[in-house]
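Student: Protein chains in written order, with this note's numbering: chain Y, 1 to 171; chain D, 1 to 65.
Treat the hints with care, since some could be wrong.
Claimed, not checked - Just so you have them, the derived chain Y footprint on chain D, three or more residues with Cβ under 8 Å: (1) 23-32; (2) 39-47.
What the hints assert, rightly or not - Result set (EDC-like, lysine to aspartate or glutamate): computed pairs, CA atoms no more than 20 Å apart in a straight line: (3) 51(D) / 12(Y); (4) 38(D) / 12(Y); (5) 38(D) / 14(Y); (6) 7(D) / 13(Y); (7) 51(D) / 14(Y); (8) 38(D) / 14(D).
These aren't lab readings, by the way, just hints derived from the structure by calculation.
Glycine residues also receive a C-beta, built at the ideal position from the N, C-alpha and C atoms.
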Amino acid sequence: MDMKWFKRNAVEDERIVNMKNKLYKEVYTLIMVICSISVIIKSFMLTTTESVLLEMLIIIGGSLYFGIRSVTLGIYSDEVEIHDQKSKVSFSKRTAISGLVIGVVLALFFGIRSAVLYGNGNSLTEWKYFFIVFLVSLIIYLPLFVVMNSAIHYGANKVSRRMSQNDEFDS
Amino acid sequence: MKNIKLKMARVQKDLSQEELAQIVGVSRQTIGLIELGKYNPSLSLCVAICKALSRTLNDLFWDED
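Next comes chain D alone, as it looks inside the complex (with noise of 0.2 Å):
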């Protein structure tokens, strides 16, 4: 399933894929896939995407059904 909330986080903070990845320390493909639902990220790797957008994690990796 496609993480949105990722990726509006990720728009709202006005980075790319390319920046984002930077600023964790992982590849580019690696966030791409996050955000598509194709790689699931271990909660380190989770902490530190929402360090680098300032948000929770429940803000990015919650999900309300």
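Excised from the complex, chain Y in its bound form (with noise of 0.2 Å):
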């Protein structure tokens, strides 16, 4: 009698499925990408922070959302798994390589704001705001988002390997 109820509609169209999760995909990607065209126009605008508040909640819970999930899923250490098969270098350098970047990107940005809002036009104090202001960020955001990539990328595969393990049936 209860079996009655599982069978029912026991195959659903799973390209409508498919395509409508390829869909949500590109819906995710869009608002990021309009998210950070806003802070990256803001930024260069408005002198205070809280104008791209929202924005940066968008983002950062979108990416927070992403991260806890495909870590209690498991997926995090299967796509790490997957990486380490097939490239020569391992993702956990990438991790570092990637926060690197982000350092170093994220300084220039920093840079590159101080000179056009306080530079008042003149080159030569644009030039010294860019550079106070990119190597201080430097200083503070290379080291900080190399280790904090690495110490995330550490602790999430090991707890993704832990919820992935769970599923092991078969042993």
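The two chains are supplied separately, each in an independent frame; assemble them into the complex guided by the hints.
Tutor: Here is the structure:
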């Protein structure tokens, strides 16, 4: 009697489901791109950080949700495993390098922003502001992102591996 | 690559794409795209199609090169 309930709608049109999932992925990318563009434009036009709070909340909230879900589902460590099987550069090395890149890009961004916002149109002041802010940001953000990225990767991979191993029914 | 075996089996059973789609519980387009080789169905969908056409997975989805 109970089986009837489970057997009903055993097959759904998976092509439609797959296409919809693809669309959701595209929508997510679109939202992230729009928010990022908004943050960049607002940063160069306004001096207050409150103006980009909503966009940052969307970007960070979305990324956090994705990160936590992929770790609890165990697919994070699975992805690392697949990556390390194929690639010569290990995933942990890649994470550290991406932290390095984020640090440099962020320092460049803050440097350019300071030069544009506070340079008063004078090229000497602009360069001065750029270099001071760029160097200070580099000193702060470069090690911060390398260490933070590596630490998050290490922890996430460890937890994810534990979650992933819970699935082993055949052992 | 086109799945001619599937199309042949469907025609032999005297079913249109729409009728087969209805039996399996998917849209006509999905059956059409599988026959054209433009959609890669999951194992459960392959099994449902095989059952609807009274064939085995080997008959319809095994490609011998």
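Student: Now tell me if each hint is right for this structure.
Tutor: Each hint, compared with the structure:
1. Counting residues of the region 23-32 of chain D whose CB falls under 8 Å from any CB of chain Y gives 6; the rule of at least 3 is met.
2. With 5 residues having a beta carbon nearer than 8 Å to a beta carbon of chain Y, the region 39-47 of chain D meets the requirement of three or more and the stated coverage holds.
3. Between the alpha carbons of residue 51(D) and residue 12(Y) the distance comes to roughly 15 Å, so the proposed pair stays at or under 20 Å and holds.
4. A hinted pair counts as satisfied when its Cα atoms are at most 20 Å apart, and residue 38(D) with residue 12(Y) qualifies at roughly 18 Å.
5. Taken as a hint, the residue 38(D) and residue 14(Y) pair is honoured in the structure, with Cα atoms around 14 Å apart against an allowance of 20 Å.
6. Between residue 7(D) and residue 13(Y) the CA atoms are separated by roughly 19 Å; this keeps the pair inside 20 Å, and the hint holds.
7. Restraint check for residue 51(D) and residue 14(Y): satisfied, since their Cα atoms lie roughly 17 Å apart, inside the 20 Å limit.
8. Note on residue 38(D) and residue 14(D): the hinted pairing is violated, with a Cα-Cα distance of about 23 Å set against a maximum of 20 Å.
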